[in-house]
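Enquirer: Given next are the chains, with one letter for each unit.
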Amino acid sequence: GAVVSQHPSRVICKSGTSVKIECRSLDFQATTMFWYRQFPKQSLMLMATSNEGSKATYEQGVEKDKFLINHASLTLSTLTVTSAHPEDSSFYICSARAGQETQYFGPGTRLLVL
Amino acid sequence: LAKTTQPISMDSYEGQEVNITCSHNNIATNDYITWYQQFPSQGPRFIIQGYKTKVTNEVASLFIPADRKSSTLSLPRVSLSDTAVYYCLVGDRLGGYNKLIFGAGTRLAVHP
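Chains A and B supply the protein sequences, listed in that same order.
Going from the first sequence to the numbering used here is simple: count from 1 and add 414.
Going from the second sequence to the numbering used here is simple: count from 1 and add 346.
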C-alpha cells in the first residue's frame with residue numbers, strides 16, 4: 415500500500431512555456447501533499463505544502479506565481495511551472511500523507527528546459 | 347523543526363552490517379524519527395520509523411536511546427543494491443501538520 419505516482423516521469427520543454435506535473439496517491443486519501451525540488455548531488459528542498467481544498471503554503475524563496483500548486487481532491491495535486499526557464503530544470507518530487515501518518519514519496523519528474 | 351546531523355558518507359562491503367547514526371539534539375517530545383532511502387533519479391523510499399527504544403521491520407532496525415537525541419539505523423548484511431543515500435528526518439507525527447526538511451543525508455557505498 416501507500417503508493418504515490420507522478421506524471422510525467424520526464425519532460426522537456428522550451429523556455430517560456432508552462433509545464434504541469436501531476437501527483438496522485440493511488441491507494442489512500444492524502445490530506446496533505448508536499449512538493450520538493452532536487453538538484454544534482456544535492457538533497458531535497460521543500461518548495462510548498464498543500465492541503466486539500468486550501469491554498470498552498472510556500473517555503474521562503476519559492477515564488478508562488480511561478481510554481482502554481484493545486485490540490486483539488488484528496489488523491490491529486492498538481493504543480494505547474496509557469497514560464498519555465500533553464501534554471502528551473504530539476505528533479506521535482508511530490509509526497510503525500512494521510513492525516514498524521516508517514517509521508518510517501520512519488521518517483522519524481524525530471525524537467526529539462528531548453 | 348529539529349535539525350539532524352549524519353555522516354556525509356560511509357563505505358561497507360557486501361554481507362556486513364551497517365550502522366548509520368543520526369544526531370537530533372533538539373528533538374521535541376512529540377517528534378518521530380523516520381529514515382528514508384534514495385537511489386539516483388528516484389523518490390525517497392520509506393525504510394523505518396520510530397519514537398523510542400527499538401523498532402525492527404523486514405529491512406532494518408532502528409535504535410533510539412532513552413534521551414532520543416540520536417538514533418541509529420542498522421542494515422543487516424548489506425548488498426550492492428543497498429548503495430544509496432540515507433536520510434534521517436525528525437517530524438511531528440502527533441500534532442498539527444508537519445513538514446519534513448531534508449538534511450544532506452549519508453551516502454552509503456557498498457563494495458564487492
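Honestly, the hints are just simulated from the structure, not real lab data.
Just so you know, even glycine gets a beta-carbon here, dropped at the ideal spot from N, CA and C.
Check before you lean on any hint, since a few could be wrong.
[Stated by the list, open to error] Computed Cβ-Cβ distance ranges for the label pairs, DEER-style: (1) Gln388/B with Lys434/A: 20 to 28 Å; (2) Gly467/A with Ala412/B: 38 to 46 Å; (3) Arg423/B with Thr494/A: 21 to 29 Å; (4) Ala374/B with Lys478/A: 26 to 34 Å; (5) Gly467/A with Gly361/B: 46 to 54 Å; (6) Lys434/A with Ser427/B: 46 to 54 Å.
Enquirer: Look at each hint and say if it fits the structure.
Expert: Comparing the hints with the structure gives:
no., hint, in the structure
1, Gln388/B with Lys434/A: 20 to 28 Å, "holds, 21 Å"
2, Gly467/A with Ala412/B: 38 to 46 Å, "holds, 41 Å"
3, Arg423/B with Thr494/A: 21 to 29 Å, "violated, 45 Å"
4, Ala374/B with Lys478/A: 26 to 34 Å, "holds, 28 Å"
5, Gly467/A with Gly361/B: 46 to 54 Å, "holds, 50 Å"
6, Lys434/A with Ser427/B: 46 to 54 Å, "violated, 34 Å"
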